[in-house]
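K.L.:
Here is what each chain is made of, one letter per residue.
Protein chains: 2
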Amino acid sequence: MRLLIVGFGFIGRELVKALRDKMSFLRSIDRDFKVVGIVDSKGYLYNGKGIDIDDLNKITRLSEHRDYKLGGTALDLLGQNLCDIMVEATPTNIKDGEPGLTHIRLALSRGIHVITPNKGPLVLAFRELMNLAERNECALLYEGAVAGAIPVFSLVRECLQGDKIVRLSGILNGTTNYILSRMFFEEISFEIALKEAQEKGIAERDPSYDIDGIDAACKLVILANALMGREARLNDVRIVGIRGITQEAISLAKRANYAIKLIGTIDRGLEVAPKLVPINHPICVHGTLNAIHIETDLAREITLVGYGAGKETISAILNDLITVLRKRGMSKFSSPKIV
Amino acid sequence: MRLLIVGFGFIGRELVKALRDKMSFLRSIDRDFKVVGIVDSKGYLYNGKGIDIDDLNKITRLSEHRDYKLGGTALDLLGQNLCDIMVEATPTNIKDGEPGLTHIRLALSRGIHVITPNKGPLVLAFRELMNLAERNECALLYEGAVAGAIPVFSLVRECLQGDKIVRLSGILNGTTNYILSRMFFEEISFEIALKEAQEKGIAERDPSYDIDGIDAACKLVILANALMGREARLNDVRIVGIRGITQEAISLAKRANYAIKLIGTIDRGLEVAPKLVPINHPICVHGTLNAIHIETDLAREITLVGYGAGKETISAILNDLITVLRKRGMSKFSSPKIV
Chain A
6 MRLLIVGFGF IGRELVKALR DKMSFLRSID RDFKVVGIVD SKGYLYNGKG IDIDDLNKIT
66 RLSEHRDYKL GGTALDLLGQ NLCDIMVEAT PTNIKDGEPG LTHIRLALSR GIHVITPNKG
126 PLVLAFRELM NLAERNECAL LYEGAVAGAI PVFSLVRECL QGDKIVRLSG ILNGTTNYIL
186 SRMFFEEISF EIALKEAQEK GIAERDPSYD IDGIDAACKL VILANALMGR EARLNDVRIV
246 GIRGITQEAI SLAKRANYAI KLIGTIDRGL EVAPKLVPIN HPICVHGTLN AIHIETDLAR
306 EITLVGYGAG KETISAILND LITVLRKRGM SKFSSPKIV
Chain B
6 MRLLIVGFGF IGRELVKALR DKMSFLRSID RDFKVVGIVD SKGYLYNGKG IDIDDLNKIT
66 RLSEHRDYKL GGTALDLLGQ NLCDIMVEAT PTNIKDGEPG LTHIRLALSR GIHVITPNKG
126 PLVLAFRELM NLAERNECAL LYEGAVAGAI PVFSLVRECL QGDKIVRLSG ILNGTTNYIL
186 SRMFFEEISF EIALKEAQEK GIAERDPSYD IDGIDAACKL VILANALMGR EARLNDVRIV
246 GIRGITQEAI SLAKRANYAI KLIGTIDRGL EVAPKLVPIN HPICVHGTLN AIHIETDLAR
306 EITLVGYGAG KETISAILND LITVLRKRGM SKFSSPKIV
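Heads up: the sequence lines are chains A and B, in that order. Be aware that the first sequence starts at 6, since it is given in this note's numbering, and climbs by one per residue. Be aware that the second sequence starts at 6, since it is given in this note's numbering, and climbs by one per residue.
Mixed in with the good hints there might be a few duds.
Identical chains blur together in the list; that is why a pair holds if it fits in one copy or across any two.
Cross-link-like lysine-lysine pairs, in silico, DSS-like; alpha carbons within 27 Å at most [unchecked claim]:
| no. | residue 1 | residue 2 |
| --- | --- | --- |
| 1 | K63 | K169 |
| 2 | K169 | K316 |
| 3 | K280 | K47 |
| 4 | K169 | K259 |
| 5 | K205 | K316 |
| 6 | K22 | K100 |
| 7 | K100 | K259 |
| 8 | K22 | K169 |
No lab work stands behind these hints: they were computed from the structure.
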């Protein structure tokens, strides 16, 4: 199969490195697997015989490559039956989902399998895109879009096939978990913990998307729609961020063996809010770790812990890719199951 | 497909209940799915048209059923091409694996898919049985054999397809974790915690299999062979149990923010031993919970937490069953992958 990578930021680059390291394994699954195109924000590389990805390590920008086509776009390549799978890894935009939403719509409508860690299109148009994938008999997989390396969607799809999910909660944002963990262990104020997170590159200069709970709420919407058959939108989530959490509150909680964590919950409704969590509960993980706690009818409780962002996300994208190469993950999984 | 259930103890009964509750879902995957036989230690029920499993709730013993054949055995049924899948749920026997080992060998040699939560045959003959499954193009799935409801095998098989596992550690025995947790939280002695566990039915009257680390070691052997391509045997595991753990040791550890846990580790070698674990580490779970911490090249660290025994195990058995009904989990997964 022929892969097109759209977006060549941090994730695109890390993906190319992993593909290089795992190429012989990938070819053992699909001997014709190759990367035919890579698109960045200003142009693309395309080679129908397969791009030599070893070459790409020698350059820092795609535009330094001799075959770079300045001004070319993903839409040019998607329109011409030049690829079978697209990894859409442009930056998340939760306002209108662009440019990812247009890329994904076009790819699916042409029967191209889509793998994306991009939350924007999924938050805004989950059901529309899943229906489009089903109609065109191709896969839309998005393991990397929620909780990074934690394989929550494939776990439910492949490892809890007989279980009915009745409730889900989780720590879905590593930045806020880092800040709350520092406040808990070092007994520092919110302001100092935030500043430290910004200095370490864990928090953005404008941290509001994370600390006001928007990022966690986006992930919660995707989880609810994908795993529990909801028709949720971002507006449906009751959101409280962590700006109001004082060091005093955390210390008080700690003395009673609780931590304060920003928890996303899917129950009757959807909510992201700071919660008291017993320190010996499996969901009570610290630092930049994420955790997802799934309650089901049979297994009762399963908790998954892992890194929610960073290059560990490549694990999820690669798993989606192998799922497509093995011709799994097709449209029969696009609708929520009825167990 | 036609299912034969061998063993009608706690797991067999709970499985029948779950099959009854989920029958319409199972028939949506395979409209010909039916339970054709159930074997207990003294005889069997067999009906080629499918046993009415609603009937079974009215009786406490299989022998009360009007069609019960006293003296019939699993071998009678396996020898006659009467079923396509066997769930082998006889009691674990790590001395010689019987009667499970003979049942599984016969089933696989006849191309019957096998699903088993029975550790004995897997500890003693893992590679032999996987090879037998591969030669006969049928599945041997055993999700329930290790850490009960925690879907560790299917997670690695389906959700970490591109990851290479480099190290694994875990709390693999709920009884010892319950005892150590009570000693940690209630500051009681080992003897009192053990007695309490026995009164609650969490520990056996002869608790040595659990508290001397044998049960955890068996699970470790299966994990090593299944997930990391080892050729390990029980003798290869360095085993230290929890009899020597004093309340004083636990209190000292606690003051330094550590708990003492019985940890199984697969690194260069295999080991089960009490270890100091930071209380804020994801693996540090309490009560009867189990936890498995997987270290890989891409995702770096994934921790799975859930119930390691009891009726939650039915989640794992049912997932294996659905995997077979969907014609997945076949022999291509019987050999460890090379990523």
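K.L.:
Could you tell me which of the hints above the structure violates, numbers in ascending order?
P.N.:
Numbers 3, 4, 6, 7 - these are the hints that the structure violates, sorted from lowest upward.
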